[in-house]
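J.: Numbering-wise, the sequence shown is residues 38 to 231 according to the numbering used here.
Calculated from the structure, these hints are not laboratory results.
Cβ atoms here follow ideal geometry from the backbone N, Cα and C, with glycine treated the same way.
Hints are supplied without guarantee of correctness; some may be wrong.
As the list claims (entries may be wrong) - With a Cα cut of at most 20 Å, we get these calculated PhoX-like pairs of lysine-lysine:
(1) Lys90 - Lys49
(2) Lys208 - Lys224
(3) Lys208 - Lys220
(4) Lys96 - Lys56
(5) Lys224 - Lys177
(6) Lys56 - Lys90
(7) Lys227 - Lys82
(8) Lys90 - Lys177
(9) Lys82 - Lys56
(10) Lys177 - Lys82
(11) Lys140 - Lys110
(12) Lys49 - Lys110
(13) Lys41 - Lys56
(14) Lys193 - Lys227
Said to hold, decoys possible - Each pair of labels, with its calculated beta carbon distance range:
(15) Lys186 - Thr100: 38 to 44 Å
(16) Thr114 - Thr163: 25 to 31 Å
(17) Glu155 - Gly77: 44 to 50 Å
(18) Gln116 - Ala93: 30 to 36 Å
(19) Ile196 - Gln73: 21 to 27 Å
(20) Glu130 - Thr169: 54 to 60 Å
(21) Thr128 - Asn98: 43 to 49 Å
(22) Ser42 - Ala152: 57 to 63 Å
(23) Lys186 - Ser151: 50 to 56 Å
(24) Ala99 - Glu188: 37 to 43 Å
(25) Glu155 - Gly95: 40 to 46 Å
(26) Gly77 - Thr158: 37 to 43 Å
(27) Thr137 - Lys90: 48 to 54 Å
(28) Lys49 - Gln116: 23 to 29 Å
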Amino acid sequence: MASKSELQSQLKALHNINKNISDSLSRDECADLIEQLSLGTSLNKLVEAYAEKNAALGKNNATIGGDRSRAKKKLETLQAEYAALEASIDTLESTNQALTSRKQQLETDRLILSAEVERITVENTTLETQVTNLNLFAGKLTDVNDELKKENKTLKNLIDAIRLQLARDVKNLLRYEDSEIRKALVKVFKSTLG
Numbered sequence: 038m039a040s041k042s043e044l045q046s047q048l049k050a051l052h053n054i055n056k057n058i059s060d061s062l063s064r065d066e067c068a069d070l071i072e073q074l075s076l077g078t079s080l081n082k083l084v085e086a087y088a089e090k091n092a093a094l095g096k097n098n099a100t101i102g103g104d105r106s107r108a109k110k111k112l113e114t115l116q117a118e119y120a121a122l123e124a125s126i127d128t129l130e131s132t133n134q135a136l137t138s139r140k141q142q143l144e145t146d147r148l149i150l151s152a153e154v155e156r157i158t159v160e161n162t163t164l165e166t167q168v169t170n171l172n173l174f175a176g177k178l179t180d181v182n183d184e185l186k187k188e189n190k191t192l193k194n195l196i197d198a199i200r201l202q203l204a205r206d207v208k209n210l211l212r213y214e215d216s217e218i219r220k221a222l223v224k225v226f227k228s229t230l231g
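Let's have the full structure, built from the sequences with the hints guiding it.
T.: In C-alpha cells, the structure reads:
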C-alpha cells in the first residue's frame, strides 16, 4: 500500500499537482484523486488547467518576490547613501551644489522605488487573492461533482426499479388470453425498455 508521500509524488509526476496542493488531502483522498484523474474525465482537464495556472502564479509570485527584494535592498542602499550625503553636506560646504543635486536625485529614486515596491505589493496581494479564489472554486467543483455522482446513482436505481416493476406487471398481464391486450402490452413494454 503506497504512502501519502508516494501518492503525492505520483500526483506531481503524472498530473503536475504540487505537493503543497495535495498536502491537505488524506492518503485515501490522494489515491481517489489519482484514480479519478486516470479515467481521463473533464475533472482531469480541470485539474491540469488548475495545476498549470497554479504553477504560473507560483512563478509570478517568485519573480515578484525577487523583484521586491531587490527593490527593497536597492531602496535601503539608496537611503543609506542619502543619509551619508546629508551628513557630508554640513562638512563639505564647497561641494554643496553637487551634493544638493545628488540628494534630489536620490529622493526621486527613493520615491520611484517606493512606488514600485507599493505596486509590487499590490500585485502580490492580487495574485494571492486569485490563488485563494481558485482553491475555493476547485473545492466547490469537487463538491458539485460528488453530489452529481450521488444523484446519478440514485436516478439509475430508480429507473432500474421502475423497469423491474414494469416487467413484473407486464408479465402478469401477459397471462391473460386476450391476444390484443397481449400485443399492446408487448408493444408498450418494448418501447419502455428501449
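J.: State for each hint whether it applies.
T.: Structure-based check of each hint:
Between Lys90 and Lys49, the direct Cα distance comes to roughly 15 Å. Compliance with the 20 Å bound is thereby established for this hinted pair. For the proposed pair Lys208 and Lys224, the alpha carbon gap of about 13 Å is at most 20 Å, so the pair holds. Taking the CA atoms of Lys208 and Lys220, the gap is about 12 Å. The hint holds against a cut of 20 Å. Of the supplied pair hints, the one linking Lys96 and Lys56 holds, its CA atoms being roughly 16 Å apart against a limit of 20 Å.
Under the criterion of a C-alpha separation no larger than 20 Å, the hint pairing Lys224 with Lys177 is inconsistent with the structure, at around 45 Å. Restraint check for Lys56 and Lys90: satisfied, since their Cα atoms lie roughly 15 Å apart, inside the 20 Å limit. Restraint check for Lys227 and Lys82: not satisfied, since their Cα atoms lie roughly 39 Å apart, outside the 20 Å limit. A threshold of 20 Å between alpha carbons decides the hint, and for Lys90 with Lys177 the separation of about 17 Å falls inside it, so the pair holds.
Pair hint Lys82 plus Lys56 holds up; C-alpha atoms about 19 Å apart against a cutoff of 20 Å. Straight-line distance between C-alpha atoms of Lys177 and Lys82 comes to about 16 Å, which keeps the hinted pair within the 20 Å bound. Restraint check: the Cα-Cα separation between Lys140 and Lys110 comes to about 19 Å, which is no more than 20 Å; the hinted pair holds. Taking the CA atoms of Lys49 and Lys110, the gap is about 35 Å. The hint is violated against a cut of 20 Å.
At most 20 Å may separate the alpha-carbon atoms for a hinted pair to count; Lys41 and Lys56 meet this at roughly 10 Å. For a cut-off of 20 Å, the pair hint linking Lys193 to Lys227 stands: about 19 Å separates their Cα positions. Between Lys186 and Thr100 the beta carbons are some 40 Å apart, a value that agrees with the proposed interval 38 to 44 Å. Restraint check, Thr114 to Thr163: a C-beta distance of roughly 28 Å satisfies the suggested window 25 to 31 Å.
At roughly 46 Å, the beta carbons of Glu155 and Gly77 sit within the given window of 44 to 50 Å. As the Cβ distance of Gln116 to Ala93 is approximately 34 Å, the hint placing it in 30 to 36 Å holds. For the pair Ile196 and Gln73, the beta carbons lie near 24 Å from each other, so the given range of 21 to 27 Å is met. Our hint of 54 to 60 Å for Glu130 and Thr169 holds, since their Cβ atoms are close to 57 Å apart.
A hinted range of 43 to 49 Å holds for the C-beta pair Thr128 and Asn98, which are about 46 Å apart. Remark: the range hint 57 to 63 Å for Ser42 to Ala152 is contradicted by a beta-carbon distance near 44 Å. Hint check: Lys186 to Ser151, Cβ distance near 53 Å, so the stated range 50 to 56 Å holds. For Ala99 and Glu188, the Cβ-Cβ distance of about 42 Å falls inside the hinted range of 37 to 43 Å, so the restraint holds.
Between Glu155 and Gly95 the Cβ separation comes to about 23 Å, which falls outside the hinted range of 40 to 46 Å. For Gly77 and Thr158, the Cβ-Cβ distance of about 42 Å falls inside the hinted range of 37 to 43 Å, so the restraint holds. Between Thr137 and Lys90, the C-beta spacing of about 50 Å keeps the proposed range 48 to 54 Å intact. The hinted range of 23 to 29 Å is not satisfied by Lys49 and Gln116, whose Cβ atoms lie roughly 43 Å apart.
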